[in-house]
Amino acid sequence: AQSVTQLDSHVSVSEGTPVLLRCNYSSSYSPSLFWYVQHPNKGLQLLLKYTSAATLVKGINGFEAEFKKSETSFHLTKPSAHMSDAAEYFCVVIVNGGSQGNLIFGKGTKLSVKP
Amino acid sequence: DGGITQSPKYLFRKEGQNVTLSCEQNLNHDAMYWYRQDPGQGLRLIYYSQIVNDFQKGDIAEGYSVSREKKESFPLTVTSAQKNPTAFYLCASSIGLEQYFGPGTRLTVT
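Protein chains in written order, with my numbering: chain A, 1 to 115; chain B, 1 to 110.
One thing to keep in mind: the hints can contain errors.
[As the list claims (entries may be wrong)] No more than 27 Å apart at the CA atoms, straight line, and that leaves these computed lysine-lysine pairs for DSSO-like:
| # | chain 1 | residue 1 | chain 2 | residue 2 |
| --- | --- | --- | --- | --- |
| 1 | A | 107 | A | 49 |
| 2 | A | 42 | B | 70 |
| 3 | A | 42 | B | 57 |
| 4 | A | 107 | B | 71 |
| 5 | A | 42 | B | 83 |
| 6 | B | 14 | A | 42 |
| 7 | A | 58 | A | 68 |
[Unchecked claim] Here are the in silico distance ranges between beta carbons for each label pair:
| # | chain 1 | residue 1 | chain 2 | residue 2 | range |
| --- | --- | --- | --- | --- | --- |
| 8 | A | 58 | B | 39 | 38 to 44 Å |
| 9 | A | 58 | B | 7 | 42 to 48 Å |
| 10 | A | 9 | B | 60 | 18 to 24 Å |
| 11 | B | 79 | A | 71 | 40 to 46 Å |
| 12 | A | 55 | B | 20 | 29 to 35 Å |
| 13 | A | 28 | B | 69 | 15 to 21 Å |
| 14 | B | 86 | A | 29 | 19 to 25 Å |
| 15 | B | 106 | A | 8 | 42 to 48 Å |
| 16 | B | 54 | A | 69 | 31 to 37 Å |
Please keep in mind that the hints were generated in silico from the structure rather than gathered at the bench.
Where is the CB? At the ideal position from N, CA and C, for every residue including glycine.
Go ahead and model the full structure; you've got the sequences and the hints to work with.
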């Protein structure tokens, strides 16, 4: 069965410092992995995606993530946090070849950015 | 300007009443989805539809119903049988693996 675990429910950083949001997945198949961001009372916006091409994926707003098969991880990073990065972030796994394209969501990590 | 619209943004209902949430997309996507979001639980799939006039139950379909009469529209009805209907509801559509989300409807039932 496929699953995804976000290791921290809440991460707090200071503006200008690095961001690390951790995600581990479990999949019997070759996974596709996504990171979505959600600002309060808004829908989800795709940050980046991994679909079996390059293992280091660059996304919007300076975020990137590295797919590490040996560690079953897909951690999200950003070198320097900005106040506007404060939001909730979801790691998502989908099985390639799934007929319905269903996503399996992690429970989310709330990122706080202190001035 | 393509996208997904959900209306209304906030919805209030009395317990025992059915309520229908609207979801419309002009992205020409075949597949559409409804999710429920509760604090600390991520998103859970209620129903999905891969094509007009066809839909399947997701993980938490009990107390909900949907229809897919048009490609652009996928309304969700929250029935009185749903035990805890107060939540944030998100609609999405997809082409391939990537899903695109609407802005959500926050439903409060008292």
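Now for the hints, and whether the structure bears them out:
Using a Cα cut-off of 27 Å, the hinted pair residue 107/A and residue 49/A holds, with the two alpha carbons roughly 18 Å apart. Taking the CA atoms of residue 42/A and residue 70/B, the gap is near 25 Å; set against the 27 Å cutoff, the hint holds. Between the alpha carbons of residue 42/A and residue 57/B the distance comes to roughly 25 Å, so the proposed pair stays at or under 27 Å and holds. With a C-alpha separation of about 30 Å, the suggested pairing of residue 107/A with residue 71/B is violated against the 27 Å cut-off.
Proposed proximity of residue 42/A and residue 83/B is supported: the alpha carbons are some 25 Å apart, at most 27 Å. With a C-alpha separation of about 24 Å, the suggested pairing of residue 14/B with residue 42/A holds against the 27 Å cut-off. Only pairs whose Cα atoms come within 27 Å are accepted, and residue 58/A paired with residue 68/A is accepted, the gap being roughly 15 Å. Checked against the hint of 38 to 44 Å, the C-beta distance between residue 58/A and residue 39/B comes to roughly 31 Å, which is inconsistent with it.
Between residue 58/A and residue 7/B the Cβ separation comes to about 35 Å, which falls outside the hinted range of 42 to 48 Å. A hinted range of 18 to 24 Å for the beta carbons of residue 9/A and residue 60/B is consistent with their spacing of about 21 Å. At about 44 Å, the beta-carbon gap between residue 79/B and residue 71/A stays in the expected band of 40 to 46 Å. The hint said 29 to 35 Å for the Cβ distance between residue 55/A and residue 20/B, and at roughly 44 Å that hint is violated.
Range check, residue 28/A to residue 69/B: Cβ separation about 36 Å, and the 15 to 21 Å hint is violated. Checked against the given bound of 19 to 25 Å, the beta carbons of residue 86/B and residue 29/A, roughly 36 Å apart, lie outside it. For the pair residue 106/B and residue 8/A, the beta carbons lie near 26 Å from each other, so the given range of 42 to 48 Å is not met. Range check, residue 54/B to residue 69/A: about 35 Å between beta-carbon atoms, so the 31 to 37 Å window is met.
In terms of the numbered hints stated before, the structure departs from hints 4, 8, 9, 12, 13, 14, 15, listed from lowest to highest.
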